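> Just so you know, the sequences run in chain order C and X. Under this note's numbering, think of the first position of the first sequence as 489, with each following residue one higher. Under this note's numbering, think of the first position of the second sequence as 396, with each following residue one higher.
Don't read these hints as lab results, they were simulated from the structure. Remember, it's a predicted structure, so these values are computed and weren't measured experimentally. Just so it is clear, CB atoms sit at the ideal spot from N, CA and C, and this is done for glycine as well. Please note: incorrect hints may appear among the correct ones.
Here are some chain X residues pointing at chain C (derived, C-beta under 8 angstroms) [to be verified]:
no.	residue
1	L446
2	D448
3	G449
4	D569
5	F578
6	L581
7	P584
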Amino acid sequence: MIPPAALAMTAPAPRGAISLHRISRIFAGGIPAVDRINLDINPGEFFTLLGPSGCGKTTLLRMIAGFETPDEGRLLISGREMQDVPPHKRAVNTVFQSYALFPHLNVEQNIGFGLRMQGVKNPERKRRVDTIMELMQISPFAKRGAAQLSGGQRQRVALARALVNEPEVVLLDEPLSALDAKLRNELQIELLRMQKHLGMTFIFVTHDQHEALVMSDRIGVMSKGRIQQVGAVLDVYEKPKNVFVAEFLGLSNILVLTPTGARTAQTPLGELRVDEELNGHKLAMIRPEKIWIYNDTAAPQGRPNTFMGTVHEAIYMGASTQYRIDLGNNQFVSAYDTNNQAAERSWRPGEKVTVELKPENIMLIEP
Amino acid sequence: MIPRSVRFALSGISWPVYVLLYTPLALVAYYSFAPAPNSVGHSLHAYNVLLHDGDVFVALRRSLILAFGSAIVSTALGTLLGYGLCRFRKRNAKGFLAHMPSLIIYTPIIMPSLVFGISELIFFNFVHGATGLLAAGLGTMIIAHITFQVPYVALTVFARLSGLDPYLFEASYDLYANGLKSFFYLVVPVVQPAIIGGFLLGITLSIDDFTISFFTSGPGSVTLPIYIYGAIARKGISPEINALGTLMISTIIVMALAHFFITRQRERADQLAARGNVS
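The shape of chain C in the complex, shown without the other chains (with noise of 0.2 angstroms):
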């Protein structure tokens, strides 16, 4: 069965494609919230604004929606200038973090309320939001209130509010992170199914670089008001472009470098050896999970950036372990390793240890 979102998603190229150019929004004090970002956004894209808190992920998605106006720069939706557009008229719909259930309506009534100040009938209407509730799997509840639903049915039912009205964009605030880690999970999982399903443009707001790994195509990692870096998942993760990138995906050692050569530095490690061109970069970083660890008695000879060090700190994960391992001379390296093996031939602390950073998995970065 095809739902009626998925044929409308046969118009034109440009529905549900987001153009930012030089959007800024300046909050009383003078401090930049958004400042001067460009970005474009793909139709049918699952994209996400990954930052901490205060970094302007939220006033961006406001603006998009029209509840924030840009103070400088141009946004267009779908094609459409939405400088003079209010939010009633914006093909956007919003899933808000407080999810923003009206109290006086059931559930039924509140997934049917876009759809009713639009002016849509009662047999099409009442059919379009029977067939949300069964996508959704809310049917049961339709007769319920707001205040009668657990916190996952609420987050399912402020969804399908949005996605009945067949938006160009879907926003949402960070609409997982009030929920436990397992049903955020299952959510992950359903919202992906639904935006592939109906084809919809997807723009995600979350702090949670995990969530952002697992749901994305495209991320934009936000600072300060500006987006650090827009790439696929893959890209940002493994190439980040700075510190603040590397660091905000994930555990990472940040190598400080000073030129020797062309693809060679000098480190507080020793010389380190990089398949990149150095082209001017000062600082080099690599995934703990890139780091590989031997026993003392099995390191490998004559290979790069080979170093001799000592087990510090072994944090048991589950399905890793988190090491810190001592290289001498105040220098510390975290390295993850796969518990794949009976528990017991794990790495203890004050055990000696060999690790090698591979040329091809150190990123030259920016500061």
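Go by the hints and put chain X onto chain C.
Just chain X now, kept in the frame of chain C:
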């Protein structure tokens, strides 16, 4: 935990308070059954006189027109005011400016009704003298009553709206409601209990009011409180006045009991509904 002795003492104090509260009411009822002239024993004579007193009914009708007329208008205005105060607050206002709205709302409530009534009188006289409009009468009374009821309605609506998730308003705009639709499809239904409460409060305040009515009424606009005052001033407290008082007390008791039973029934229905949904 409050010691037993203190609890005992407190409950002891409560009894004289109840006595002081309810004995006067009981006395009014007792005296209303005064014997008819030239006879002995309790009678319904005073009620009979009251029923044939056309002036009382004219005054009562006027009181009701005044109460409902002013409460309807003040409910509409007060709802808008409460909504405006909540929705269009200057978010970053500091100092005096931040307190302006509450000052505007509270001043008429704190103002002694004597001062309020006299200033209304002066104002109406001034306007009448200058333009010939607003001659003292039911019209000026309705205006005065609207004026003092609006803050009460605005406050109840404001309190209800302030307790709501502020994102509800944005959600309604997001779901294609313009300002007007958001007001009628979100705000009005959500604050409906507060609006009804404000309306009933307005009626109560209006029927109860003597001071402001006294100063703003004209020769042809005697309402029930003014009629009672006049009757007492002329011939003291007559059995008819006691009968009238008794009727008013009975009406209020019946209304209070009805309210109690209706809300209890609704609460039970809600509890049942909630229990049914747990499954």
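> With 8 angstroms as the cut and Cβ atoms as the points, is D569 (chain X) at the interface with chain C?
With Cβ-Cβ at 5 angstroms, under 8 angstroms, it holds.
> Is the shortest C-beta separation between P584 (chain X) and chain C less than 8 angstroms?
holds (5 angstroms)
> How about D448 (chain X): closest beta carbon in chain C under 8 angstroms, or not?
violated (47 angstroms)
> Classify the hint on F578 (chain X) as holds or violated, based on whether any CB of chain C lies nearer than 8 angstroms to its CB.
Not OK, violated: F578 (chain X) not within 8 angstroms of chain C, min 12 angstroms.
> Are L581 (chain X) and chain C close enough, Cβ to Cβ, to be under 8 angstroms, as the hint says?
At 7 angstroms from the nearest chain C Cβ, L581 (chain X) passes the 8 angstroms test, so the hint holds.
> With chain C as the partner, please determine if L446 (chain X) meets the hint condition of a C-beta pair closer than 8 angstroms.
violated (45 angstroms)
> Does the CB of G449 (chain X) sit less than 8 angstroms away from some CB of chain C?
violated (47 angstroms)
Taken one by one, the earlier hints fail for this structure at numbers 1, 2, 3 and 5, listed in ascending order.
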